[in-house]
Amino acid sequence: MEKKRINKDAKIVCNVEIRPGIFLMEVLAPEIAASSFPGQFCMIRAGSIQGFDPLLRRPLSVHQVNEKKGHVKFLYRVVGRGTKALAMQAQGELVEILGPLGRGFEVGKGEIPILVGGGLGVAPLLFLAGQLKGRRAVAIVGAVTKSQLLRLEPFRKTGIEILVSTEDGSFGNRGLVTEVLDRLLSRLDKEARNDVAVFSCGPYPMLRATHHLCQSRDIRCEVSMETAMACGSGLCLGCAVKAKDGGYLHVCREGPCFRAEKLSWE
Amino acid sequence: MTKGGKKEPDIRLRLGQLSLENPVLLASGTCGYGNELFDLVDLRNLGAIVVKGISVEPRTGNPPPRIHETPCGLLNAIGLENVGIERFKTERLPWLQRHKIKTIVNILGNSVSEYEKMAACLDGLEGVHALEVNISCPNVKEGGAAFGIDPKTAAEVTTAVKRACSLPVIVKLSPNVTDICEIATAVEGAGADAVSLINTLIGMAIDIRGRRPVLGNVFGGLSGPAIRPVAVRMVWQVARTVSIPVIGIGGISTYRDAVEFLMAGASAIQVGTATLVDPGAPEKILHGLIDFMVRNNYSSLDELIIRD
Chain L
796 MEKKRINKDA KIVCNVEIRP GIFLMEVLAP EIAASSFPGQ FCMIRAGSIQ
846 GFDPLLRRPL SVHQVNEKKG HVKFLYRVVG RGTKALAMQA QGELVEILGP
896 LGRGFEVGKG EIPILVGGGL GVAPLLFLAG QLKGRRAVAI VGAVTKSQLL
946 RLEPFRKTGI EILVSTEDGS FGNRGLVTEV LDRLLSRLDK EARNDVAVFS
996 CGPYPMLRAT HHLCQSRDIR CEVSMETAMA CGSGLCLGCA VKAKDGGYLH
1046 VCREGPCFRA EKLSWE
Chain C
197 MTKGGKKEPD IRLRLGQLSL ENPVLLASGT CGYGNELFDL VDLRNLGAIV
247 VKGISVEPRT GNPPPRIHET PCGLLNAIGL ENVGIERFKT ERLPWLQRHK
297 IKTIVNILGN SVSEYEKMAA CLDGLEGVHA LEVNISCPNV KEGGAAFGID
347 PKTAAEVTTA VKRACSLPVI VKLSPNVTDI CEIATAVEGA GADAVSLINT
397 LIGMAIDIRG RRPVLGNVFG GLSGPAIRPV AVRMVWQVAR TVSIPVIGIG
447 GISTYRDAVE FLMAGASAIQ VGTATLVDPG APEKILHGLI DFMVRNNYSS
497 LDELIIRD
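As given, the protein sequences belong to chains L and C, one line each in that order.
Note that the numbering used here has the first sequence beginning at 796, numbered continuously upward.
Note that the numbering used here has the second sequence beginning at 197, numbered continuously upward.
Watch out, some of these pointers could steer you wrong.
Within a straight-line C-alpha distance of at most 27 Å, the following computed BS3-like cross-link-like pairs (lysine-lysine) qualify [stated by the list, open to error]:
#, chain 1, residue 1, chain 2, residue 2
1, C, Lys480, L, Lys806
2, L, Lys799, C, Lys313
3, L, Lys799, C, Lys296
4, C, Lys285, L, Lys799
Calculated Cβ distances over 10 Å to all of chain C for the following chain L residues [as the list claims (entries may be wrong)]:
#, residue
5, Phe847
6, Gly865
7, Glu906
8, Gly929
9, Ile955
10, Phe966
11, Lys985
12, Pro1000
13, Arg1012
14, Asp1013
15, Ala1025
Worth flagging that the hints you see were computed from the coordinates, not collected in a lab.
Virtual Cβ for every residue (Gly too), placed ideally from N, Cα, C.
Could you put the whole structure together from the sequences, leaning on the hints where they help?
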């Protein structure tokens, strides 16, 4: 049986704009902090919303947890009315929160994880990187340009190896994160390819490229998918994505982290 | 029982042969098969759960995107994705039986004989307390709504289901008709024990940057607070037309909304989209309703109804 989910109001510890339109929010939710796994998400709605507009909670990946303080962090972009309402909330105010939800990343015991995050895709990967402390692991993080790179310092603090890329070359390697991944994977011999596994989150074309890079080399790959969601808990079946073998999978239940070969990628 | 010195109201009710402890039900398609909510809601506290619509064969549903938020509402075109009746019986019903949850099974067919087959198949099963006949889903091309827009076919389905089983039969009506009372009268005449209304209103949204419909299915069903006034009006009309119980559905999100439907003439209500937003909503609505009745000295649900 899966773990108990929590559905309650949580107090905002801080909610700051760290880049134009990108917010880092920390809330006090000890049960969620204690029971979340990297790759899982919560459904969140600003407590300040009066009435029913916007109506639905929004799915946000768990970005970091502090079990001792009972804090959970979320990294989000303001894209519509729901996230805009969240961004307007101040410290001490409440958010409605349901979580933790979904299937997180599953890192095998002997595996050497390679994390690949593009843009806001770093959100669930920092939580994962933090749990890999002391292990052999690499994180490739990238953005369009230097000023859009997110959360580099916390990634460095995890102690795992960090490779940075920007599309315009203004910081780190020039090019896409998937180009860095391609070079890294090409250097591995057959034995090493058996040991590594890739964990990826970012825009759909990036995830597809990551899947193809891994598939052609027989490397295990997991991707964190994003869709519109209403309930986040398997009730509405609204978050369907096409499965490899026909039919659909649901991002909220079978995901958001999928073994890449289970999806259709057409 | 007393509450704050005042007498607790009697909120039990009957829908034909079906007796319910309270009038707050979970609407089909918004509560899965119950076990999806196992850790969030004690379903035994609610009147009943109406499970996700079941068809003879499993259905994979519509291509994404399937949902889209609109002002105070939700457009969906799930396409009745479900496990099919056999897997419902073997994989889903046992959990509901084990937890003694009052269960109403929503059924959907492509033909009168499919409805009949499902009714026969569910008849007498432990844990199945009633059927809700879906003749109103707007999101599948064949069947579903096709039966619900014509009083003759609506009556045919109802007759067939009643003949095939001894369970209480609720017929779920579509608002996408010229005269909902005509359909309600037809299914009452065919032996329905109750009617539930409204299903979603057919709607559509366009992605103006992509210059294409938002939903994979083009059209979807609109639910949520946006449709509540339409639903209240239809419940008011139908309750004044038929003498079987009416179950009110449509954007109920607070106890005040529930009271509105009960005053309009509903014997019970279903909470749908509000459960998707907050799984705790149905229980809050139930408690709010009881408190409202206590505060305003209503001793039974019947007293809430506006009689004109």
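Using Cβ atoms and 10 Å as the threshold, tell me whether Gly929 of chain L really stays out of contact range of chain C. Holds, because the least Cβ-Cβ distance between Gly929 of chain L and chain C comes to about 33 Å, which exceeds 10 Å.
Holds or violated: are the alpha carbons of Lys285 of chain C and Lys799 of chain L at most 27 Å from each other? 26 Å, holds
Taken at face value, is the distance from the CA of Lys296 of chain C to the CA of Lys799 of chain L at most 27 Å? Holds. Lys799 of chain L to Lys296 of chain C sits at ~21 Å (cutoff 27 Å).
With 10 Å as the threshold, tell me whether Ala1025 of chain L passes as away from chain C on beta-carbon distances. 5 Å, violated
Claimed clearance of chain C by Ile955 of chain L, with the beta carbon kept past 10 Å: 34 Å, holds
Against chain C, does Lys985 of chain L keep a CB gap of more than 10 Å to every residue? 38 Å, holds
Does Lys480 of chain C pair with Lys806 of chain L here, judged by a C-alpha cut-off of 27 Å? 21 Å, holds
Quick check for students: does the CB of Glu906 of chain L sit more than 10 Å from each CB in chain C? 30 Å, holds
Are all beta-carbon distances from Phe847 of chain L to chain C longer than 10 Å? 4 Å, violated
Has the given pair, Lys799 of chain L with Lys313 of chain C, been kept, meaning a C-alpha gap of at most 27 Å? 38 Å, violated
Once the closest CB in chain C is found, is it more than 10 Å from Asp1013 of chain L? Non-interface label on Asp1013 of chain L holds, nearest chain C Cβ at 29 Å vs cutoff 10 Å.
Could you check that no beta carbon of chain C comes within 10 Å of the beta carbon of Gly865 of chain L? At about 20 Å from chain C, Gly865 of chain L clears the 10 Å cut-off, so the statement holds.
Of the numbered hints listed earlier, those contradicted by the structure are 2, 5 and 15.
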